[in-house]
Amino acid sequence: MINLETPKKHRALIDQAHQVAMNMLRPISRKYDLGEHEYPKELDMLAAMIDGLSESGASEGAGATGVRRDESSDDKTVKNGANLASVLSVAEMCWGDTGLLLSMPRQGLGNSAIASVANDEQLKRFEGTWAAMAITEPGIGSDSANLSTTARKDGDEYVLNGEKIFVTSGERADCVVVWATLDKALGRAAIKSFVVEKGTPGMNVERLEHKLGIRASDTAVITFTDCRVPAANLLGSPEVDVKQGFAGAMATFDNTRPLVAAMAVGCARASLDLTRGLLEEAGVEIDYDRPAQLQSAAAAKFLQMEADWEAAQLLTMQAAWMADNRKPNSLEASMAKAKAGRVGSDITLSCVELAAGVGYSETELLEKWSRDSKILDIFEGTQQIQQLIVARRLLGLSSAELK
Amino acid sequence: MSLIRATKNAVAPGGKHGLSNRESRDPIGYAVLALNKLAQSELIDRMGLRKQTEQTVFTVTRSGFKVAGQAGRAFAKKGKKGADGVRVPAANAQGVFDLTPTDDEQMLVDVVSEFAAEALRPAAAEANETCVAPDDLLKSSLEIGLPILGVPEKLGGISEERSAMAGTLVAEALAKGDMGLAVAALAPGAVATALSLWGTDEQQSTYLPEFTGDDVPAAALALNESKVLFDVLKPSTQAVRAEGGYVLNGVKTLVPRGAQAELFIIGAELDGKNVLFLVESKAEGLLVEGDPAMGVRAASLAKITLQDVKVPADAILGATDGSTYLEAVRLSRLAWCALSIGTAQAVLDYVTQYVNERHAFGEPISHRQSVAFMVANIAIELQSMRLVTYKAAARAAQGKDFSREVALARKICGDKGMQIGLDGVQLLGGHGFVKEHPVERWYRDLRAVSLVEGGVLV
Numbered sequence: 000m001i002n003l004e005t006p007k008k009h010r011a012l013i014d015q016a017h018q019v020a021m022n023m024l025r026p027i028s029r030k031y032d033l034g035e036h037e038y039p040k041e042l043d044m045l046a047a048m049i050d051g052l053s054e055s056g057a058s059e060g061a062g063a064t065g066v067r068r069d070e071s072s073d074d075k076t077v078k079n080g081a082n083l084a085s086v087l088s089v090a091e092m093c094w095g096d097t098g099l100l101l102s103m104p105r106q107g108l109g110n111s112a113i114a115s116v117a118n119d120e121q122l123k124r125f126e127g128t129w130a131a132m133a134i135t136e137p138g139i140g141s142d143s144a145n146l147s148t149t150a151r152k153d154g155d156e157y158v159l160n161g162e163k164i165f166v167t168s169g170e171r172a173d174c175v176v177v178w179a180t181l182d183k184a185l186g187r188a189a190i191k192s193f194v195v196e197k198g199t200p201g202m203n204v205e206r207l208e209h210k211l212g213i214r215a216s217d218t219a220v221i222t223f224t225d226c227r228v229p230a231a232n233l234l235g236s237p238e239v240d241v242k243q244g245f246a247g248a249m250a251t252f253d254n255t256r257p258l259v260a261a262m263a264v265g266c267a268r269a270s271l272d273l274t275r276g277l278l279e280e281a282g283v284e285i286d287y288d289r290p291a292q293l294q295s296a297a298a299a300k301f302l303q304m305e306a307d308w309e310a311a312q313l314l315t316m317q318a319a320w321m322a323d324n325r326k327p328n329s330l331e332a333s334m335a336k337a338k339a340g341r342v343g344s345d346i347t348l349s350c351v352e353l354a355a356g357v358g359y360s361e362t363e364l365l366e367k368w369s370r371d372s373k374i375l376d377i378f379e380g381t382q383q384i385q386q387l388i389v390a391r392r393l394l395g396l397s398s399a400e401l402k
Numbered sequence: 000m001s002l003i004r005a006t007k008n009a010v011a012p013g014g015k016h017g018l019s020n021r022e023s024r025d026p027i028g029y030a031v032l033a034l035n036k037l038a039q040s041e042l043i044d045r046m047g048l049r050k051q052t053e054q055t056v057f058t059v060t061r062s063g064f065k066v067a068g069q070a071g072r073a074f075a076k077k078g079k080k081g082a083d084g085v086r087v088p089a090a091n092a093q094g095v096f097d098l099t100p101t102d103d104e105q106m107l108v109d110v111v112s113e114f115a116a117e118a119l120r121p122a123a124a125e126a127n128e129t130c131v132a133p134d135d136l137l138k139s140s141l142e143i144g145l146p147i148l149g150v151p152e153k154l155g156g157i158s159e160e161r162s163a164m165a166g167t168l169v170a171e172a173l174a175k176g177d178m179g180l181a182v183a184a185l186a187p188g189a190v191a192t193a194l195s196l197w198g199t200d201e202q203q204s205t206y207l208p209e210f211t212g213d214d215v216p217a218a219a220l221a222l223n224e225s226k227v228l229f230d231v232l233k234p235s236t237q238a239v240r241a242e243g244g245y246v247l248n249g250v251k252t253l254v255p256r257g258a259q260a261e262l263f264i265i266g267a268e269l270d271g272k273n274v275l276f277l278v279e280s281k282a283e284g285l286l287v288e289g290d291p292a293m294g295v296r297a298a299s300l301a302k303i304t305l306q307d308v309k310v311p312a313d314a315i316l317g318a319t320d321g322s323t324y325l326e327a328v329r330l331s332r333l334a335w336c337a338l339s340i341g342t343a344q345a346v347l348d349y350v351t352q353y354v355n356e357r358h359a360f361g362e363p364i365s366h367r368q369s370v371a372f373m374v375a376n377i378a379i380e381l382q383s384m385r386l387v388t389y390k391a392a393a394r395a396a397q398g399k400d401f402s403r404e405v406a407l408a409r410k411i412c413g414d415k416g417m418q419i420g421l422d423g424v425q426l427l428g429g430h431g432f433v434k435e436h437p438v439e440r441w442y443r444d445l446r447a448v449s450l451v452e453g454g455v456l457v
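Chains as they are written, first to last, in numbering that gives the first Met the number 0: chain X, 0 to 402; chain L, 0 to 457.
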């Protein structure tokens, strides 16, 4: 039965996340935007609280870890599970602060990768770890199949060599999930992901980036020089299956893209909520029953933004709902990320414009949200990469045909 | 007034032929205008100097030809005066996020989709030209139960609970065939659903048996008026109390199948509140004329003029405090959103095939990102439209407040639906501009979504 309301069973979790966002993240939001690279120590306590909630069963994947597909128990009923819970709570936390959400201990994108492709033994071994994700290199971004970090098998170990950039929480996390190729000549099928623990000799954090937004989150440049990791840290199968190709590694994205879409949804809602209040104080009421073209330009713009926001939110929920119900969701995940990414930018930037000087000044957070939102249309696949994925799928074209 | 001034006023540019009142004519302009008047003279036609191209039989393709409303059947009064009508319960959702239609809804969608593909799509081009939906098509639409979708089972319909979601899915599926024909087929159902939602026992007993029987009357929900910046919540159509009832005055436009309709629901202001009135077509003072528009032409759009039309005291449908009227406006907008989704889906399906088949520079044009990304964006925005609309529809079916959700749905369906129509034509280039392909019709139809009020309702 078609129903697009927030699931009843997740409402308590979302309310909780909202309270945390409001009372824990917002008060320190500007502090860590200004103090880039300072460690947000307040988050340790928060992480402990979230762990406690997880153990008590009160929450169901409050962060990025809850994306593993449960293959057991298919009773044909419609599920609202960990994926929906994750996107909804992540959106709520990003309503608080996107940079701080990304800095949340044990909630890294690397954790999603582990949850998505690790075997059961690895899953158990890496439980409770905080994993960052390292894909991008100085020479490659979206074209991740063309990466040049190498992994050479040597006995019971792999030897990693290469440079990774834009590693979110690269310095703070306990370990980094690194994408590297076993044999560049074999193309994308030879790309595997490796869990490299912090302090492994040969792994070095070179520097932290200074950024436009999400400044509370550290973004590291990491080099690997003859860095030896146990063979058992290769996630998934070590076989190079040319037929399966990239599918294994890319499966991570089906799970992480809805999460990034959720971040854009949360960040944009922060702007919408505040702007609505500011507009009301300025005498602009939003009337849902009168057509936008009969209202003021500000109200009409607001209606358009809210409609786009609603769409982004529902596309994100759709992608997560499909994962919960074990339907393939690559297309929907990309649609959600494309829509949420561009809507996030439009909303946060337009809210600054509507609020004028109030929006542009650092006394309010609107200008910050409009800087934070930009990355969400870039990482985990840019807007253009999502459009490419959607287009190829719809048109039935290969990457050779539609470049 | 001097003759010159009178003549000047008659040919003043303001408001005619698409000229704004800021235009002015110089002497050459007047001379050209005079020549144009001559060119339009019927005299040269009678002398056989110009090929007669217009249709000689008046349908609704031409405006400015007023006739009385359909003589219509006699709706014999039945039922208990003042007693409440039958109502179906709201749908119960159990609080689970779900995008799967119920089995009943899926069955309906399957039947209607087949009907849309087999009957509506092939008839669409001609119906657009003639502004008339084929009789046999409308008959078939009755057979598959379109008018009784929102009528309670107890009253001979098929609705066990509030059917806004089913109605939305059905309107979407129909409009994938053709929006104009969908509106023509759905118009009687809009009136039947409104009677089911708000009618008294007497109103339901009087009118609904006609809709559930074999000879279903054409009927129309008339809310729209032709006014710049029209606000449906401030209709100029007025109702005043008169002895034993009310007197209505005003003009309703873009009314589907207005010339055939035997029963209207007319929106009017009464004592400062917006109210719906049941008006039979044979009422004295009710005049109909063709009101063809840019699109949705197969729905035989008409203008209804009400001149001192008297209706009895029990002609009011629903509440007199404005709440029923507002609910009808919202449910009608929801139906238009559903229609836009169906038509936008037709665009997506059509261009997907076209860009793969059309070659340029030695390969299919779909191999170019500028083309492929347009198709991707159509798909992304279409799904956006669909989900926002479904959310509003599901809330309506569950009896929840859906004012916010339907407003957002209308905004996104209006904006993105039009963009999809626009991109559809653009992707076909010159071929999109000619009537060999249906995309130009979809372009015209999709313009309706953000501005038309009434006509359909879920």
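Treat the hints with caution; some may be incorrect.
[As the list claims (entries may be wrong)] Heads up, simulated SDA-like pairs for lysine to any residue below, C-alpha to C-alpha not over 25 Å straight-line: (1) L/K153 <-> L/K399; (2) X/K183 <-> X/E284; (3) X/K8 <-> L/H366; (4) X/K8 <-> X/N118; (5) L/K233 <-> X/L293; (6) X/K7 <-> L/A89; (7) X/K402 <-> L/R367; (8) L/K272 <-> X/K300; (9) X/K402 <-> L/E356; (10) L/K226 <-> X/K7; (11) L/K399 <-> X/M249; (12) X/K300 <-> L/Y349; (13) L/K233 <-> X/A298; (14) X/K75 <-> L/N376; (15) L/K226 <-> X/D286; (16) L/K399 <-> X/T5; (17) X/K75 <-> L/V95; (18) X/K402 <-> L/K153; (19) L/K226 <-> X/Q303; (20) L/K399 <-> X/Q303; (21) X/K300 <-> L/N376; (22) X/K326 <-> L/L450; (23) X/K300 <-> L/V328; (24) L/K138 <-> L/G81; (25) X/K402 <-> X/Q294; (26) X/K7 <-> L/T101; (27) X/K402 <-> L/Q352; (28) X/K326 <-> X/D240; (29) L/K15 <-> L/V328; (30) L/K65 <-> L/R367; (31) L/K399 <-> X/K183; (32) L/K399 <-> X/K402.
FYI, nobody ran anything at the bench for these hints, they're computed from the structure.
So, going through the hints one by one against the coordinates:
1. L/K153 <-> L/K399: Holds, at about 24 Å.
2. X/K183 <-> X/E284: 59 Å, violated
3. X/K8 <-> L/H366: 45 Å, violated
4. X/K8 <-> X/N118: Given that 25 Å is the threshold and the Cα spacing comes to 29 Å, the pair is violated.
5. L/K233 <-> X/L293: 12 Å, holds
6. X/K7 <-> L/A89: 18 Å, holds
7. X/K402 <-> L/R367: Measuring from Cα to Cα gives roughly 8 Å; hence the hint holds.
8. L/K272 <-> X/K300: 29 Å, violated
9. X/K402 <-> L/E356: 18 Å, holds
10. L/K226 <-> X/K7: 45 Å, violated
11. L/K399 <-> X/M249: Status violated; Cα separation ~41 Å.
12. X/K300 <-> L/Y349: Since the Cα atoms of X/K300 and L/Y349 sit roughly 31 Å apart, the hinted pair is violated (cutoff 25 Å).
13. L/K233 <-> X/A298: 19 Å, holds
14. X/K75 <-> L/N376: 33 Å, violated
15. L/K226 <-> X/D286: The given pair, whose Cα atoms are some 20 Å apart, holds under the 25 Å limit.
16. L/K399 <-> X/T5: Between L/K399 and X/T5 the Cα gap is close to 14 Å, so the pair holds against 25 Å.
17. X/K75 <-> L/V95: 14 Å, holds
18. X/K402 <-> L/K153: Given that 25 Å is the threshold and the Cα spacing comes to 59 Å, the pair is violated.
19. L/K226 <-> X/Q303: The given pair, whose Cα atoms are some 23 Å apart, holds under the 25 Å limit.
20. L/K399 <-> X/Q303: 23 Å, holds
21. X/K300 <-> L/N376: Holds: X/K300 and L/N376 sit about 21 Å apart, inside 25 Å.
22. X/K326 <-> L/L450: 38 Å, violated
23. X/K300 <-> L/V328: 22 Å, holds
24. L/K138 <-> L/G81: 34 Å, violated
25. X/K402 <-> X/Q294: 44 Å, violated
26. X/K7 <-> L/T101: 20 Å, holds
27. X/K402 <-> L/Q352: 19 Å, holds
28. X/K326 <-> X/D240: Holds, at about 24 Å.
29. L/K15 <-> L/V328: 30 Å, violated
30. L/K65 <-> L/R367: 53 Å, violated
31. L/K399 <-> X/K183: Roughly 57 Å between the alpha carbons, so the hint for L/K399 and X/K183 is violated.
32. L/K399 <-> X/K402: Violated, at roughly 47 Å.
Figure legend: structure checked against the earlier numbered hints; hints not met, in rising order: 2, 3, 4, 8, 10, 11, 12, 14, 18, 22, 24, 25, 29, 30, 31, 32.
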